[in-house]
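A.B. asks: Each chain, letter by letter, is given below.
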Amino acid sequence: MKQGFSNLRFLAAILAAKLSIVILRLLRSGGTSLPGKLALKLHPKILDRLSGLFRVTMITGTNGKTTTSRIVANMMEQNRMRVVTNKSGANLSSGITTTLISALTLGGKPRVTHALLETDEAAFRTLAPRLKPETVIVTNFFHDQLDRFGDLQTTVDKVREGISKIPDAVLILNADDSLCASLGRNVSNRIIYFGMGEGVYPETGANINNDAAFCMQCNSRYEYSSVTFGHLGHFSCPSCGFGRPHTHVECSGILSYDNLGSNIEISGPDMRITVKLALPGLYNIYNALAGASFGIAAGLDEKEIATALSGFESGFGRMETIHANDRELKMILVKNPTGFNQVLRFLLTQERPCVIALAINDKLADGTDVSWLWDVDFEVLTLMNDRIRAFYVSGTRAEDMAVRLKYAGISPDMIMMEKEYSQLISKALQKAEARESCYILPTYTAMMDIRKILKRRFGLKEFWK
Amino acid sequence: MYEINICHLYPDLMNLCGDRGSIIALTRRCEWRGIQVRVKSVSLNDPLSNEDYDILFIGGQNLDQSIIHDDLKKGKGKVIREAVEANKVILAVCGGLQLLGRYCRTQDGRDLECIGALDLWTHEGDNRLMGNLIFECDFLKNEHFDGLIAGFENHSGKTWLGSGVKPMGRVVTGFGLNGEDGYEGAIYKNTYCTYAQGSLLPKNPALTDHLITLALKNRYSDFESLEQLDDGFERAARDSIIKSLMGKKNF
Ligand SMILES: [Zn+2]
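Chains as they are written, first to last, in the numbering used here: chain A, -17 to 447; chain B, 19 to 269.
It is possible that some hints are incorrect.
[As the list claims (entries may be wrong)] As a list, the in silico DSBU-like pairs of lysine-lysine whose alpha-carbon atoms are at most 30 Å apart:
| id | chain 1 | residue 1 | chain 2 | residue 2 |
| --- | --- | --- | --- | --- |
| 1 | A | 345 | A | 19 |
| 2 | A | 91 | A | 0 |
| 3 | A | 345 | B | 176 |
| 4 | A | 317 | A | 19 |
| 5 | A | 409 | B | 261 |
| 6 | B | 159 | B | 184 |
| 7 | A | 91 | A | 147 |
| 8 | B | 96 | B | 184 |
| 9 | B | 261 | A | 317 |
| 10 | B | 261 | A | 401 |
| 11 | A | 258 | A | 147 |
| 12 | B | 261 | B | 92 |
| 13 | A | 345 | A | 312 |
| 14 | B | 176 | A | 434 |
| 15 | A | 437 | A | 19 |
| 16 | B | 184 | B | 235 |
| 17 | A | 345 | B | 261 |
| 18 | B | 159 | B | 92 |
[As the list claims (entries may be wrong)] Here chain A is said to cover these stretches of chain B; the calculated rule only asks that three of the stretch's residues, wherever they fall, bring their Cβ under 8 Å from a Cβ of chain A:
| id | segment |
| --- | --- |
| 19 | 37 to 46 |
| 20 | 152 to 158 |
| 21 | 217 to 230 |
Everything labelled a hint here was simulated from the structure, so no lab data went into it. A virtual CB, placed ideally from N, CA and C, is assigned to each residue, including glycine.
Let the hints inform the model, and build the full structure from the sequences given.
C.D. replies: Below, the structure is given as structure tokens:
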């Protein structure tokens, strides 16, 4: 009888949530957390119950969660694993509840076998034991929106605590990130480490923003035999011996690399594949390695992994291209110094002249302190001064962005302010000439607002579909 | 040609929240006036010598960094105390402010000894004092400038000043030193301390120029004043944040 009542409550919660999803869709609202909140209210333990219905993979870390999630989802779908994923920043318990409920029938039966869930690093601790994942991917740890989470060490420790509660999960960890690799110490989990092979990536010189210069165990300064970016590289501690773990999945060669993507070789146990990756930037090679590691964990063979990675095309928020007559609008989300630096490095590979528009907001989801702009190396843009037609600054903190560009060495008469997004897009397109690109680099909430305008003007499809 | 040497202390350990912006601002505003600048980083186990620099910058980080404390005890603490007394120009932000004081009391009641260069002390509070911060500095006021400084604060420590140390200004919006007495920052001789972190100097050129002027006067007896620059962008950035916050008081 008790069982029957609890089941009834479960079904009622699902029904209520499903109803609210339908209503929100009718209202054309992209709201993704409300239905979950409602269900959690009606049935506080619903998440524990829902997670038992799916084979769960969790993805956490600072950068690359969304792209890695899309790579893995694509790999699952190509290999007969039917999967539900959470999208567009719905990565707290209410958003995840909404996601899982949307994959159930009205009778509460799962329509797919797998769930692939991005989670906030801070929320991982409480979500991991409730979601009971089979596999956990941790991409990396960088300083990001510090005003919300406190220092980086605390963030890593929260993830560590979550992992301690799921000893049966397979861990997929970035070996080149000392913070991430440390999660594999003293745990009984099966671990797959991924990383960049020694000497594969040409040295980039000094790294100014080192988020993890000192050994977590003994506070000595790490020594690096090679660095890829930020604090990622082949690190070792001269005092206590903690160092980059041996990798199972490694990028063993970069055959070509340009602004459209790269050709890379990935090696692993019984695997040596060449992958044509249609995602630009070094950070996406790491995301592909995380994806390949998932393939190994899921028992796929090298051919299946290679096909899935080569067939992947970029998606939401990372780099969106819109054709506007004979010009291209390209939008890339920026949210922290490391990611932004990678975007700038990508822009440097542009050969044609272009227009750059930066839209910086300081709302809660962007981080309310815009000081992080000073940790981005905008100075490198002076290297392509002759190829930039104009800079536009926009968003609630457009003025701060203008100051940052000025102090980076950009001439103030190259910097224009336009706070109205529709005007911003029109003006940027006018400044560009035929076959040239306008790059829009927005923070999270600015991107959401700009997308609404792009949708109206160019028929961009809605992100929550 | 004038020259200025800047020392950035612990850039790899105390560099939260874009403190690099203040180094960039000092550097650029010198360069734009033809003043030659050199920036030197000094970190763990590197020697610190007061002859080597004109401006010392100590950035923000939580105080609970035992490696920094050990390093300061090994000698740098004494060197900094001497620099403060010898009228060196020093800017210390957030964690740097706390470090220059006498001690910091943690939430569990332990007193962490600091270097004691300034008569101020800090008690960890229960809440984070976080958000945009605007304060009014009389020493910067003149017929062209209202003396308002804008920054961002993010600290849980509440700092109190002893009798020899003066506040930098009065809080207009935000918490300031302790969220209670309405004051922000600390000045003693040529040492300036503040909880306004990150892009403090870029957005507040009057303060930047004040520090550069003091440093040049220290080094060149014939130096009088800096040439004016066009600060339209900087002023707009500061004014926009002031405008968006007017009327909000936290303390
Ligand atoms: Zn060590």
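A.B. asks: Evaluate each hint against the coordinates.
C.D. replies: Cross-check of the supplied hints:
1. A:345 x A:19: Holds: residue 345 of chain A and residue 19 of chain A sit about 22 Å apart, inside 30 Å.
2. A:91 x A:0: Judged against 30 Å, a Cα distance of about 13 Å means the pair holds.
3. A:345 x B:176: holds, 26 Å
4. A:317 x A:19: With Cα atoms ~27 Å apart, residue 317 of chain A and residue 19 of chain A stay inside 30 Å; holds.
5. A:409 x B:261: holds, 27 Å
6. B:159 x B:184: Given that 30 Å is the threshold and the Cα spacing comes to 16 Å, the pair holds.
7. A:91 x A:147: holds, 27 Å
8. B:96 x B:184: holds, 22 Å
9. B:261 x A:317: holds, 25 Å
10. B:261 x A:401: holds, 16 Å
11. A:258 x A:147: Status violated; Cα separation ~37 Å.
12. B:261 x B:92: With Cα atoms ~46 Å apart, residue 261 of chain B and residue 92 of chain B exceed 30 Å; violated.
13. A:345 x A:312: OK: residue 345 of chain A and residue 312 of chain A at ~23 Å, within 30 Å.
14. B:176 x A:434: violated, 43 Å
15. A:437 x A:19: holds, 28 Å
16. B:184 x B:235: holds, 22 Å
17. A:345 x B:261: holds, 16 Å
18. B:159 x B:92: violated, 40 Å
19. 37 to 46: That given contact holds, which follows from 6 residues of the segment 37 to 46 of chain B lying within Cβ reach (below 8 Å) of chain A.
20. 152 to 158: violated (count 0)
21. 217 to 230: holds (count 3)
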